[in-house]
Amino acid sequence: MIPTIWLASYPKSGNTWFRILVANLWSNSDVPIDINLIDSTDSIASARNPFDQQTLIDSSLMTNEEIDRLRPATYAYAASGETLADPDDPCFPVRFVKAHDAYTLTDSGEPIMAGARGAAGAILFVRDPRDVAPSFAHHMHCSIDQAISRMGDADFCFASASDRLDRQFRQRLLGWSGFARSWLDQRDVPVHLIRYEDMLADTAATVLAALRFAGAEPDQTRLDRAIAFASIDELQRQEAESGFREAPRKARTFFRRGIAGGWRDDLTHGQIAQIERDHSAMMDRLGYSRSAALTEKK
Amino acid sequence: MYSYRVSGLEVASEVDLPGLIPGDPGGPPDVTIRRAAVPMTLDGASAIGPTWQRADGRFLMHVPHVARFLLEGGHSIAFEAEDDAELQDVAVFLSGSVFGVLLHQRNHIVLHASAVLVGGKAVLFCGQSGAGKSTLAAALGEQGYSLIADDQCAIEIGNDGIPRIQADGRQLRLWEKSINELGLDDRRGDPMRNRLRKFYVEPVAATNAAVPIGAVYALLEIRGQQLPDIEQPNVVDATRLLVANAYRPLLVHRLDQREIYFRAAAALAATSGIFRLKRQFEFDEIPATIAMLRTHWADIGLGDAAP
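Top line first, the protein sequences correspond to chains A and B. Per this note's numbering, the first sequence starts with residue 1, numbered consecutively. Per this note's numbering, the second sequence starts with residue 1001, numbered consecutively.
FYI, nobody ran anything at the bench for these hints, they're computed from the structure. All C-beta atoms in this analysis are idealised placements derived from N, C-alpha and C, irrespective of residue type, glycine included. There are no misleading hints in this set.
Label pairs and their in silico Cβ distance ranges:
| hint | chain 1 | residue 1 | chain 2 | residue 2 | range |
| --- | --- | --- | --- | --- | --- |
| 1 | B | D1024 | A | E246 | 45 to 51 Å |
| 2 | A | N28 | B | D1186 | 55 to 61 Å |
| 3 | B | P1228 | A | D163 | 25 to 31 Å |
| 4 | B | R1263 | A | R257 | 48 to 54 Å |
| 5 | B | G1026 | A | A251 | 57 to 63 Å |
| 6 | A | E65 | B | D1186 | 29 to 35 Å |
| 7 | B | G1183 | A | E246 | 27 to 33 Å |
| 8 | A | L105 | B | Q1143 | 45 to 51 Å |
| 9 | A | D163 | B | G1120 | 35 to 41 Å |
The following block holds chain A by itself, in its conformation from the complex (with noise of 0.2 Å):
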């Protein structure tokens, strides 16, 4: 059976980046790989679809508790390889599963994410949160202000409208800090945490040591190429061309600018000290130094 690890993140944080890039390492094509068809992992952990077709509910019809109560089952069930064409002839040595849910218990104190039975292992991506800021804005189609305070509001929720139907289920972030905290904090499963910046510097040694935790050994020809198939240049010519289909309705881009360190001209001084007022802790614990005490006196 092959081992599913989460691929957990607040976003804008290179998640689905890394998902492209190692579609195109597992991929046999010498173009790059379609970004609206990366099929060598699954849909994100809080997608409706696959919970309906596994337990044959229609969620529409739950309640977010009662359909929180029932996704570790669903996990479990998932990560056993029940739900593979052919669990003796898996198509890719790792199953990656793209996670924006905060680690959770429900109602009656179970990890939403089922602990050791809904995964080996957890990838946690985190960047620097004064680039979150704008990126998550643009994402949003909100103001940078109001990205920052989400990203200090611990009971702001994805999917969470009660009047219509999402494609994906309510997932609790937390907040920016919170969301790490809660992964990097729960003993249930280990956790290899990779920093934006780090995977931008020296993406191959980020991406062959994030591999490695999930037991997968790359081709080192292959995840060059990979690496140069999911550069952001091509991220963004395939979206000018045909749209993400992941990306919101409203954004009017997914791949913005996959930089690190962007926020020196995006946001006002304001801005910085609010995020590294609200963020301090977990921003040393990640080692992202903070410029509040010079902002605040200018």
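Using the hints provided, position chain B relative to the given structure of chain A.
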């Protein structure tokens, strides 16, 4: 006993099932629904999912804190409510998810689709939950196209080789946002469950007869620069599309029913057509989608595309 007609089957039920069309209380029922003790597990289960078990001709389904359902031989459903679940809660799962599994169990070809009447034929819109099936059927209803089915479409291939769907006459089931956007407030009925903002909505007109199929569309959402379009896939892709749009594709595979879907796809390709309907998802794009459909209906000979 209450009598209903669901996907062409006479149903006798001990409980009221809102949203279904009345049946013939005199005739022998094809399916009986009754309250009874239902076990937690099935002896000799050959397959076990997160919420279901299967053993020979029996299927156990479990909606935690709502009810357990035992489906036997495709002709009887027993249910046992859990905790203090209300009958209303049990009923919505019975007439939807559970009946859908029963149709699969009976080897019916059952699609996850809504359907409206166009020029005397059924036009189906297939898609996953949230794809916009009911909303499109409701918008077409406002243009005078009668509702045939809202969520499940059971297809029968007659001896004449013509695929038909059994009218399901169910009420539309729409979320509050769709009701508001389409201006259907005056026909909004009860919520499907007290705690949900999804409601029964009375269609303008509905049909009760079995109807030959005129076209099957798989709903696809486009983004960015892509243009709305209606495509006709080749027969291999069309067959895959049909299986993928079964009500529960997992059961098509588990119950080894791919063959009957292949035959249905061939019959549909020969008599009507399976298409991909690519369109923007937003509500304000619906009129453009309907205009595109009308042109297509004229092209494929569904009358003059009038209702």
